[in-house]
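A.B. asks: These protein sequence lines are chains R and P, in that order. Using my numbering, you'd call the opening residue of the first sequence number 1 and step up by one each time. Using my numbering, you'd call the opening residue of the second sequence number 1001 and step up by one each time.
Simulated from the structure, these hints should not be mistaken for lab results. All figures in this text were calculated on a predicted structure; none of them were measured in a lab. We put the beta carbon where it would ideally sit given N, CA and C, even for glycine. Mixed in with the good hints, there may be bad ones.
Pairwise CB distance ranges, derived in the manner of DEER restraints [said to hold, decoys possible]:
1. P:1218 x R:130: 54 to 64 Å
2. R:272 x P:1024: 26 to 36 Å
3. R:211 x P:1022: 26 to 36 Å
4. R:226 x P:1218: 45 to 55 Å
5. P:1218 x R:112: 31 to 41 Å
Selected chain P positions facing chain R (in silico; Cβ < 10 Å) [unchecked claim]:
6. 1021
7. 1027
8. 1135
9. 1137
10. 1138
The lines below spell out each chain.
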Amino acid sequence: MNSDSTDRPAALEALGLGKKYRRGWALRDCSFRVPAGRVCGMVGPNGAGKSTLLALAANLLTPSEGGIRVLGGPLDDPELRRRFAFVAQDKPLYSGFTVAEMLRFGRELNPGWDEDTAQRVVAQGDLPADARIGTLSGGQRTRVALALALGKHPELLLLDEPMSDMDPLARHQLMGTLMAEAAEHGTTIVMSSHILAELDGVIDYLLLVDGGRIRLAGEVDEILSAHQFLFGAGEPADLSGHTVVETRQSGRQLSALIRPQGPVTGPWEAAPPTLEELLLAYLRSPQAPSLLTAEARTGAEVAA
Amino acid sequence: MTTVLAASDARTAAPAPRRRERLHGLLWLNWRQNRTLAWVLLAFVLLVAALVGWCVHGLDAAAGPQHLTRACAGGGAPTMSSPACGNFLIQQEDYVSVYQSIVQRLLLLFPVLIGMFVGAPLLSREYERRTQLLAWGQSVSPRRWLAARLGCTAALVLVAGAAVAALSEWFWQQYVVPSGLDSYAFHPTTYAAIGAVPAAYALYALVLGAVVGLVLRSAVVSVLVTGVLTGASTAAGYLLRPHLLPLTRQVQSGVGSYVAPANAWVVDHGVILANGSRVSVSADCDSTACQNSHTFYGVYQPASHFWPLQLVESGVLLVLAAALVGFAFAWLRSGRD
């Protein structure tokens, strides 16, 4: 598996990537890899730079510095456009079109169109083919947008807050559809969200974007196992040998999230952190050092 | 197994049989996006055709089997006394005035309306609804998308513009000029309602509106700005028009004032004094020297320059439109954020 992921070009590879808007830097000095075949969750608070990062990957924005490679190709390769799909946060669709016309749009503009997949995604939502897009609910629009993206048969699917405007039931159902289609075709998915519950148990790869920087990148399991959640009547000084992400004092008890650099000694109860605990700890501690697992490091960084 | 079932379910859900699909790719998308526009333009062409047809029918009926057109117009004063001719001439004046006040004004307005309500929303509404991202998210480059968006809409506008201009021109040549009521083709309304200028100007206004929308990205603001810009272009066109070709300068002597050739567009005329200086009619001519001069000058475009002027002006508009299209592609390339 490891050799497979290094042989195939990375789905996404950013090197020193930055984007500056008039009001300042939205993204700065981002270097990371997302290997092909992963289901990657891009998490972070609102305004962290997630949408900017996805738009850069989709070649809808030009980087102010650095660069990003998608599926191993440079972004100006016209063939690349066929190989990835992007669904913007607001799921833009032609509101005057019917569902059937929206699917025809996908068929007409994509040489590799997979009609069956697109029809299946729409059919699972009980969408009448002659319903106008403008009359659909947010969740139904999302379903049509995803049907377009999946029908394109992409190698890489970039989704910006795909489930943000859906109720929990529809979200669960659509996530199921998405995962089934992705698994069948081996599609790499990179999706952003600020709702962690949406991603937990679905993703196997993580990008934590915060303040325009990458703070965590890598396999979820590896990131989780690199951390320990400690709880006990110890002192912060006891943790000096380890990388401390966050300490919190409640009464005489101290709880800490650390990256152990050796055996942990002291009056601690240790437990593996949950993904949510881990992410919240990082978001509360902007000074905590960032962590990129070996798979997430770019070639240049490995060499350096 | 489940896949097969689901796929067959989906097929029954698809309503449109594919055999009717004749257009494909971006051509289909732009036909679908421009469908309403195509019907509106067709309705506009039919409206102009109906108005012209109504005038033609009325004039032919008034002329009757005796073909009063030639008899009454050719004969002059004596024929006016004939009741048939009198009645015909009154009706002829009515129908020509319908053409001048309705058909010609519709054609004068056509480019402005195209710029404001077709050009300005063309791209700004895509940006407002972010549907340009939807198109670029398919296997289509932004450049091809823009080319199809501009090209298909321009084709519709050109066809409609050429059709109404041809109808108007035909009525002008066949009925208005022979009537003797109006043969001054340089009149700003007439000039903008016949020949090549209506279609060229509509194309220019379309592209101008599209570029304004591309830059401003707000449909409402783009409509207003385009309205102002196309209005200003009309005014500028009128002011610059006589200078698009070299003017003819003429000196004549006589009594009273300068007499211009028939249907010429006189830009300036006046009096030449004994010392050789010229006093335009727009200036004061109070001195005795001015009052008593019998030498006059005129500066004009002759009627024979109507077609050359139309072609030069259309050419200028097409070059401007091409420059705007070039700007749009450059803008798309540079300012994608």
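A.B. asks: Please go over all the hints and tell whether each is borne out by the structure.
C.D. replies: Hints and how they fare:
1. P:1218 x R:130: 54 to 64 Å: At 32 Å between Cβs, range violated.
2. R:272 x P:1024: 26 to 36 Å: violated (55 Å)
3. R:211 x P:1022: 26 to 36 Å: Violated: the Cβ-Cβ distance is about 53 Å, outside 26 to 36 Å.
4. R:226 x P:1218: 45 to 55 Å: The hint (45 to 55 Å, Cβ to Cβ) holds, given that residue 226 of chain R and residue 1218 of chain P are roughly 49 Å apart.
5. P:1218 x R:112: 31 to 41 Å: 36 Å Cβ-Cβ, so the 31 to 41 Å window holds.
6. 1021: holds (8 Å)
7. 1027: For residue 1027 of chain P, the interface hint holds, since the closest Cβ of chain R sits about 9 Å away, which is under 10 Å.
8. 1135: Where the cut-off is 10 Å and the nearest Cβ of chain R is about 7 Å from residue 1135 of chain P, the hint holds.
9. 1137: holds (5 Å)
10. 1138: Given a least distance of 4 Å, the restraint on residue 1138 of chain P holds.
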